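Asks: Listed below, chain by chain, are the residues.
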Amino acid sequence: MDRRVFVKSGALALVTMGLSPSFLRRMAYGMDLKNVPKGKTLVCLFQRGAADGLNVVVPHGEQAYYNMRPTIAVARPGQPSGAIDLDGFFGLHPSLAPLKPLWDQKLLAPIHAVGSPSTSRSHFDAQDFMETGTPDMKGTSDGWLNRMLAVQGTCQECQAVPFRAVAMTAQTPRILEGPSETVAMSSLGEFSVRATGSDVEQLEALYRTGSADLVHGTGQEMFDAVKLLRSANPQQYAPRNNAVYPKSQFGQRLMQIAQLIKSNVGLEVAFADVGGWDTHVNQGNGTGQLANRLDDFATTLAAFTQDLGDQMNDVLVLTMSEFGRTARENGNRGTDHGHATAFFVLGGGVKGGKVYGKWPGLAPEQLNEGRDLRLTTDFRTVFSEVAVKHLGATRVEKIFPGYTGGPQEWLGLV
Amino acid sequence: MNNTELLSAPRWLRCLAAALLLGAVASCVPPARSQSAVPSSAELALREQTADQQVLQVLNRLAFGPRPGDVQRVRTIGVDAWIEQQLNPERLNDDAMDQMLARYPLLQQDQTGLASQFAEAQRQSRLVKRDTAAGQAGVADISALKDARKSRAQVVSEIESARVARAVGSNRQLQEVMTDFWENHFNVFVGKSQTEAFYLADYDRTIRDHALGKFRDLLGAVAHSPAMLEYLDNAQSRANPGEPTLGAAGRRGMVVARGGGRAPGVEAIIIRRNLNPQQAQQLNQRAAAAKKTGLNENYGRELMELHTLGVDGGYTQQDVIEAARALTGWTVRPPAQGGGYIFRPEWHDAGEKTFLGHKLAAGRGEQDGEDVLDIVARSPSTAHFISQELARRLVSDSPSTALVDRAAQTYMKTDGDIRAVVKTIVTSPEFFSTRAYHSKVKSPFEVVVSAARALGAEPDSTPRTALAIAFLGEPIFGHRDPNGWPETGDAWMNTGAILNRINFGLSVAANRLPGANMRQLPGIDTLQHASRETQVDAVVATILQGAASPQTRKILMSGEHPLAASAAQQVAQTAAPADGNETITDATMAAPQRVKGAAKQQGLPGLGRALARNPVIGPAPQLKGLAQMVGFALGSPEFQRR
Numbered sequence: 001m002d003r004r005v006f007v008k009s010g011a012l013a014l015v016t017m018g019l020s021p022s023f024l025r026r027m028a029y030g031m032d033l034k035n036v037p038k039g040k041t042l043v044c045l046f047q048r049g050a051a052d053g054l055n056v057v058v059p060h061g062e063q064a065y066y067n068m069r070p071t072i073a074v075a076r077p078g079q080p081s082g083a084i085d086l087d088g089f090f091g092l093h094p095s096l097a098p099l100k101p102l103w104d105q106k107l108l109a110p111i112h113a114v115g116s117p118s119t120s121r122s123h124f125d126a127q128d129f130m131e132t133g134t135p136d137m138k139g140t141s142d143g144w145l146n147r148m149l150a151v152q153g154t155c156q157e158c159q160a161v162p163f164r165a166v167a168m169t170a171q172t173p174r175i176l177e178g179p180s181e182t183v184a185m186s187s188l189g190e191f192s193v194r195a196t197g198s199d200v201e202q203l204e205a206l207y208r209t210g211s212a213d214l215v216h217g218t219g220q221e222m223f224d225a226v227k228l229l230r231s232a233n234p235q236q237y238a239p240r241n242n243a244v245y246p247k248s249q250f251g252q253r254l255m256q257i258a259q260l261i262k263s264n265v266g267l268e269v270a271f272a273d274v275g276g277w278d279t280h281v282n283q284g285n286g287t288g289q290l291a292n293r294l295d296d297f298a299t300t301l302a303a304f305t306q307d308l309g310d311q312m313n314d315v316l317v318l319t320m321s322e323f324g325r326t327a328r329e330n331g332n333r334g335t336d337h338g339h340a341t342a343f344f345v346l347g348g349g350v351k352g353g354k355v356y357g358k359w360p361g362l363a364p365e366q367l368n369e370g371r372d373l374r375l376t377t378d379f380r381t382v383f384s385e386v387a388v389k390h391l392g393a394t395r396v397e398k399i400f401p402g403y404t405g406g407p408q409e410w411l412g413l414v
Numbered sequence: 001m002n003n004t005e006l007l008s009a010p011r012w013l014r015c016l017a018a019a020l021l022l023g024a025v026a027s028c029v030p031p032a033r034s035q036s037a038v039p040s041s042a043e044l045a046l047r048e049q050t051a052d053q054q055v056l057q058v059l060n061r062l063a064f065g066p067r068p069g070d071v072q073r074v075r076t077i078g079v080d081a082w083i084e085q086q087l088n089p090e091r092l093n094d095d096a097m098d099q100m101l102a103r104y105p106l107l108q109q110d111q112t113g114l115a116s117q118f119a120e121a122q123r124q125s126r127l128v129k130r131d132t133a134a135g136q137a138g139v140a141d142i143s144a145l146k147d148a149r150k151s152r153a154q155v156v157s158e159i160e161s162a163r164v165a166r167a168v169g170s171n172r173q174l175q176e177v178m179t180d181f182w183e184n185h186f187n188v189f190v191g192k193s194q195t196e197a198f199y200l201a202d203y204d205r206t207i208r209d210h211a212l213g214k215f216r217d218l219l220g221a222v223a224h225s226p227a228m229l230e231y232l233d234n235a236q237s238r239a240n241p242g243e244p245t246l247g248a249a250g251r252r253g254m255v256v257a258r259g260g261g262r263a264p265g266v267e268a269i270i271i272r273r274n275l276n277p278q279q280a281q282q283l284n285q286r287a288a289a290a291k292k293t294g295l296n297e298n299y300g301r302e303l304m305e306l307h308t309l310g311v312d313g314g315y316t317q318q319d320v321i322e323a324a325r326a327l328t329g330w331t332v333r334p335p336a337q338g339g340g341y342i343f344r345p346e347w348h349d350a351g352e353k354t355f356l357g358h359k360l361a362a363g364r365g366e367q368d369g370e371d372v373l374d375i376v377a378r379s380p381s382t383a384h385f386i387s388q389e390l391a392r393r394l395v396s397d398s399p400s401t402a403l404v405d406r407a408a409q410t411y412m413k414t415d416g417d418i419r420a421v422v423k424t425i426v427t428s429p430e431f432f433s434t435r436a437y438h439s440k441v442k443s444p445f446e447v448v449v450s451a452a453r454a455l456g457a458e459p460d461s462t463p464r465t466a467l468a469i470a471f472l473g474e475p476i477f478g479h480r481d482p483n484g485w486p487e488t489g490d491a492w493m494n495t496g497a498i499l500n501r502i503n504f505g506l507s508v509a510a511n512r513l514p515g516a517n518m519r520q521l522p523g524i525d526t527l528q529h530a531s532r533e534t535q536v537d538a539v540v541a542t543i544l545q546g547a548a549s550p551q552t553r554k555i556l557m558s559g560e561h562p563l564a565a566s567a568a569q570q571v572a573q574t575a576a577p578a579d580g581n582e583t584i585t586d587a588t589m590a591a592p593q594r595v596k597g598a599a600k601q602q603g604l605p606g607l608g609r610a611l612a613r614n615p616v617i618g619p620a621p622q623l624k625g626l627a628q629m630v631g632f633a634l635g636s637p638e639f640q641r642r
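If you read the protein sequences in the order shown, they are chains G and C.
Reminder that position 6 of the first sequence reads as 6 in my numbering, one-by-one numbering, no gaps.
Reminder that position 355 of the second sequence reads as 355 in my numbering, one-by-one numbering, no gaps.
Simulated from the structure, these hints should not be mistaken for laboratory data.
As the structure is a computational prediction, the values presented were derived from the model and not from experiment.
Using N, Cα and C, we set each Cβ at its ideal position, and we do this for glycine too.
Worth double-checking, as some hints may not be accurate.
Claimed, not checked - Stretches of chain G that chain C covers, calculated by requiring three or more beta carbons in the stretch to come under 8 Å of a beta carbon on chain C:
1) 129-141
2) 179-191
3) 221-231
As the list claims (entries may be wrong) - 25 Å max Cα-Cα, derived PhoX-like pairs, lysine-lysine:
4) K262/G to K227/G
5) K138/G to K192/C
6) K106/G to K358/G
7) K227/G to K359/C
Input sequences plus hints: build the corresponding full structure.
Replies: Structure follows, in structure tokens:
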């Protein structure tokens, strides 16, 4: 309630006086925010369906990889549709070519053999565990991103920013469920009152009655947010630096996240997801089904980075997937549900140009349950390092209850 | 079941309790008829709400808001007699609703038959994929799978649509409110598995049938339902390796096997199917993985935490394990074999158990689970937890301890008679207090259904009204986690939610909600020739139940003053083209290709696609006159509460 009252009395109320959003943001953030680095944004991308880490960041130095995947292995660097070598042992899938310049500029860091310690092979459970940040605990009611915002220091002011946490999804995803205010929308255009003429003002007046109860307060906050977004003018958006986003849903949603970042509306956490990674059948190798998904994925991330330019210094992109896939290909030239996989971090603050994570090997005795890439990095190790170092989060024990790992395990990604 | 018998003893006891509480002896005179609805004068004196408020209170809490004429009807019958009617839904005629529900084609069909068709189509599809992968020409027909998938999506949309239609149109309103309450209390998720959708029609029926019955009967029906067995994984739960089980032939008490034995016939399958070494290895791996399966605690835990005792209800992790052991073997037949509940003795942990201090002797099989349900259903913790949840739904977000305690006493005295517990709550002074009046924020389901009812809408046999509810954030059977949607307003009220509610109201005013037409508003014939003030009065009376803040009334009064006669008509004309060319099946079935994958992996069949088309919330409508007033009223703060 306090938070909502703040909105009414605080800087955002000035929007109605026609001030620019950047001024607003300075007003909102210029207050005494001791514990929060100013203007950082974390973009979390969920690859739903379990992405095959072994074909995304290819261990081309492992003979066992080629033995186990007679038809779907990505060829060694230098061969047709071969991997793009990174460090003599790992290589990027050829469809990730747009990301190679980002690796060269040390903006991009893959993390291998990372994922959830849960042994669940259910998409349903494993996504849930990764989004709540509590593996094997089904009773967690909120997502870790939301908890992070909720426990973050004493930042009353930034909690009043209506676009502090945005999911570019039709419904609020699990990862953002919880006590902090979040907005879910499938497009920026959707976040508007669908009324014509003076009807919008009339509706707004219904809520501006001086009453501060739950319904009135939330309503006033919403009208502030709509105005803020309208003044940022998302309809008139042209990506900078000749960036071209794919026409795919994923590409368009990342473009809108870039819009929000550039509109200076106080975006601290953004989320989007992309499906199509559940490659049980005819997965393909350097070309084919997975290659097509990766093409969209890489082109989007490259366009996003190019579009934001210098602003990438304040942005960190974190990708995740609920688990990896079996090390061996199955009878359908695909892969089944496995264990560890590969994530990426991307951004100006990332210590890129290096593949992070301890490599467990792919020899039969090195596999998890004799079938999957073994886990050497708990996803919470990566998430907590990013949360603390990039966003200045505190109280990791509240964000990841039950997690016993600490800074000593961090990989040094940021 | 003899209701009279069940109710008479507790009524007498309640009567005594009420007398002690209220210090009034008069209330202990036995009622003339066993179903008498007349409260004592002392009870009536404690009601703070005015007579009109009481009428609205029961219509807002024991029904999904008033339909045109309902207020007058309840006034005529009397609030307490109306409550008594609603507490006995079997006596209320609902033929019109039944006739309407007969219009759902797939719901009329045998759901297990549909599930079985679906399973077969999936099996065919796997064969096709394998043939294609192996470079052979596909033999089987992939269109069978497409048809099966389509029918699955349609089953889901029919179930959801029927649920909403009942809430809008049924005369048995309290039964629908309770069905909504219990389906949320015993939450299941449509996207849990491929077959879950086919169990939902049965689940919905089961819950409705027991919604005002004995809690133990409801709990038992849920525990045996394929929907819950599948959703909370009890269908997969079996004795841990090494534990004694019962024989496959079902000879009770005879310990003939050990759990986790070698999966039979792997070698035989390898030889019969002539599998290559790689395929053989895969099969062996799968058999090895199957061997490792054992106890699944999911249902055992939620049974106590969410369904009965409550999280602080006084059980331990060991009780969770013991409950799960007792319930091993309670599972579901494969769809191809009928899909219903089955007890598998060879999966049942036959060892002795100690559950919440009760010894369950070894080798009793299915009875273990029944005893566990008996024990939790009789627990005072359950009485308290269920009473609290009911009071929260029916009275206020934070019901008083006194009220919850009285309801829990009723529960204990009546052996968990839901009807009696509900009656204690909804005839209480707290229920009729000024504090409780208009204090609950409507859930998305309640917003949409109460709007349809206020406007006198016909129940919608299309999926649209259900989609509007999903659009407002709470798709029916769409809650992933077992805790269900939150019961309190602060949990669902946020900027996005209120924006969507306002947009929903505008779209209703633009005639985008099937069944609710601005040209057929209650009393439209006289209204369209009336003064604006009269129109505002009518809109405030119909939609805001007569209570609008001065600000809201001012806004409804403002705006243009066109010749009222043509106002409603103009709206109808401007709104119509937006929808005119769309058929409803297209809106839900024809999916934009790009969102398909994401929706599928998030486990909501059809919803992602349907929402992407957003059939209810369209472009900004031009609203005038009455329709504009309706749009504003539905989007007003007043309408968000009940």
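Asks: When the hints from earlier in the document are held up against this structure, which numbers fail?
Replies: 7
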